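One line per chain: the protein sequences are A and B, in this order.
Per the working numbering, the very first residue in the first sequence carries number -11; after that it's consecutive.
Per the working numbering, the very first residue in the second sequence carries number 12; after that it's consecutive.
The set of hints was computed from the structure by calculation and includes no laboratory data.
Quick caveat, the model's predicted, so the values are computed rather than measured.
Check each hint, because a few of them may be wrong.
[As the list claims (entries may be wrong)] Quick look at which bits of chain A chain B covers, simulated, 3 or more residues with Cβ under 8 Å:
#: 1; stretch: 160 to 170
#: 2; stretch: 312 to 325
#: 3; stretch: 358 to 367
We put the beta carbon where it would ideally sit given N, CA and C, even for glycine.
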Amino acid sequence: MRMWIYIVRRLLLLLPVIIGVMTITFVLISTLPIGERLQSYYGPSKFGYAPTCSTTQEGCVCVTPFNGTCPNPAYVRGTSALGLNKPIYIQWLQYMKNSLTLNWGSTDHGSKASGTLLGGSTIPVTTVLSYYLPYTLELATFSLLLILALAIPLGNYSAVYRNRPLDQATRVMSFSGFALPGFLLALLLLLGATILAGQFQTICNGQSTPYFEFYGSWPPTVCYPGGVGPTWIGAYYQTSPTGFPTVDALIHHNWFLAWESVKRQILPALTIAYGSVAGILRFVRNSMLEVMNLDFIRTARSKGVSESVVVSKHAGRNSLNVTITVLGLTFAYFIGGFAIIEDVFNLKGIGLLLAYSIQPSIDFGLVFGTTLLFTIIVVTANIIVDILYAYLDPRVRLG
Amino acid sequence: MAGKSAGGSAPKPAVVTTSGGPPILKGRRPSPRIAQLKRTWYFLSRNTLALIGLAILVFFVGVALSQQIPSAHALPRDSLQLFCGTYTGLGGGNFTQLSAGECTVVCTYATGQPPPSPNCYAVDSFNPANVPPTLSLAHLSGGPLPLGSLTISSNGNLFYSIYDGFLVGAQWSLFIAVSIVLAGAAIGLALGAVAGYLGGLVDELIMRVTDIFLSIPGLLLVLVVLAAIGHEFSTLAGRVGLLIGAFVVTWWPGYTRVVRGQVLVTREQKYVEASRASGAKTGRIILHHIVPNSLYPVLVQLSLDVGAIPLLIGGITFLGYQIFPTPYFPEWGTMSALSITILPSALTACQISTSGAPCMFPWWQLLFPGLIVFLFAIAVNFLSDGMRDAFDPRLRR
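Let the hints inform the model, and build the full structure from the sequences given.
Below, the structure is given as structure tokens:
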């Protein structure tokens, strides 16, 4: 089969999954009271979303006054627009139409996300997500590179030095990676690094500021050279022109911020990698053990190829396939940790958005929006993995 | 002589099985499943890590079971018992009367002195019956406050005993984890066996649905289910039930996929073919042949997941979602998440005290709740890794 046919077929299979996931969120949303559903779609309203409003409220106009209350215009308009007064399958169709056309509702007031990150304004969820997505993507890329850099050599060499100290060390590492709570590991790393850096508090431009060297996606404003933040960082922490913080800093030749941005992603990436490498290592090691017994390895050795080349070139090529396959399988687990890690390190990505949107009151528009987006990331990553795998292993696309 | 051969107690020479298993005494042969169980135990018992894991688990289960026995001080089941007091460092400091009037002090003593009586704690004046337990890790430290105490309020005058939380939490954590896993596995076994055995359209349908569920990150699905329908439940039983339900919704697809994979292998076995040839109905074949013989890989997956549940509950609590009706709920994951909320204030306290008195960082508050969760998860990991090796003949060494 030609490669592009494979890709197109794989992309077409994406649609039912996306529709299925949106159906799950629809089912969950339908359990909410109508007022909450309207609020998550339209944001706060001055009338509220009770079925009726009082004539004392400005703008609550009654055609036929009854007991001083009349139909709430926001409620009436909302229920008919979302089809909430119609049968459930009409509601589902309307929801699918809205979701597929990226109308994911608006941010609400009352959650930490609105207060701390968005300045209390009502913004379409998709717009907010587009501000915060690039940071998460950059962090994910960084973490993935770290995982590849750790899992492949460690897996290879723990197979080569089977049951020797290196193997035992990686075994301990992979067991503890499963068992350590992510937030605890992240906090310990943050704490350790801060103590090593010797600074709970840093003096920036003559001002003393409680400043963690590794906390937050950017330094506090007073710590910028000159004490003023650059204009290319927007009010909602989105950067221009690309949105990827390090890339933007480089584009603007701001070496200080580029380094700060990378430095602040090292510990989160390490935390994420530690948890994921744990799962991948064992697979790489076991497949390596199988490959090392195959004929072509014996042939390579008998040709006089040095052992290190046999491990890295001949047998090691296979570990890349295994790593990519396992990564695809565990990607949902990998990306699920981002909410916690970004919360610990206060990084301005969609994970932090999710963490902040469930407290103190729940912003349903943002919660469902971030969940959908995370799922889309997972599904997309799975497709990329499949394509990569088909590229690395011709049997997949030909078979 | 007939009794001798039936009893099998005579010291006959041991016969080593061809599969490399343990020697089986000649005589009465155990049923194949019992024999397999014995063989599994034999391989498991040669795996040191698995035995360590098993020992830790037995200890935790013992702690949970021992709490069922009515004790002298009945620990509250729905909320951690809160103590009053002020904390000024492990080695010194006094209890002082708090201005809010919420706590009265039973006794005070000077820095460096041992506690005058085992009951030297502040007592909740609103609820004087809440006398702290007499036996706790506190007395190991000799400090004014229990070593296992945990600051949970930002002004630092409310504490609870990590030790008590560990005892009561053992029940909750194990109950929740085992319920989730058993319910998930029951669904997974049923659907996986049907999908794998019947194949065709049924298989396609079930597996596509699991694909959809598996593409949503697990932690997020649990969180979204809790957030969406959490407002419907307010009682303790309701909240715990909701938590279990949310996890089952998230995890059944994983089990279904594992079971189906195993069933695809099992259904091609000769005994299944023989059963079909002798006219057994589909239901009987699935129930009597497919399910029992596809159980082992699920068992490994189950035991792995049991350990992950307190970690995930901790993660959700850390994100700020209150799962249980009371914020200070005696559950291991919740405790580990609570334990780190004091970190910023503890750091700030230490930062301030660098100028004056030496700062005692409350390391035990971070260490113990995390250690409980870690030990539980790693014990389960050790055990399930050993089980995987013991069940799978290819991995035996």
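Taking the hints in turn, this is what the structure says about them:
1. 160 to 170: holds (count 7)
2. 312 to 325: Held - the stretch 312 to 325 of chain A has 5 residues with a Cβ nearer than 8 Å to chain B, which meets the minimum of three.
3. 358 to 367: holds (count 6)
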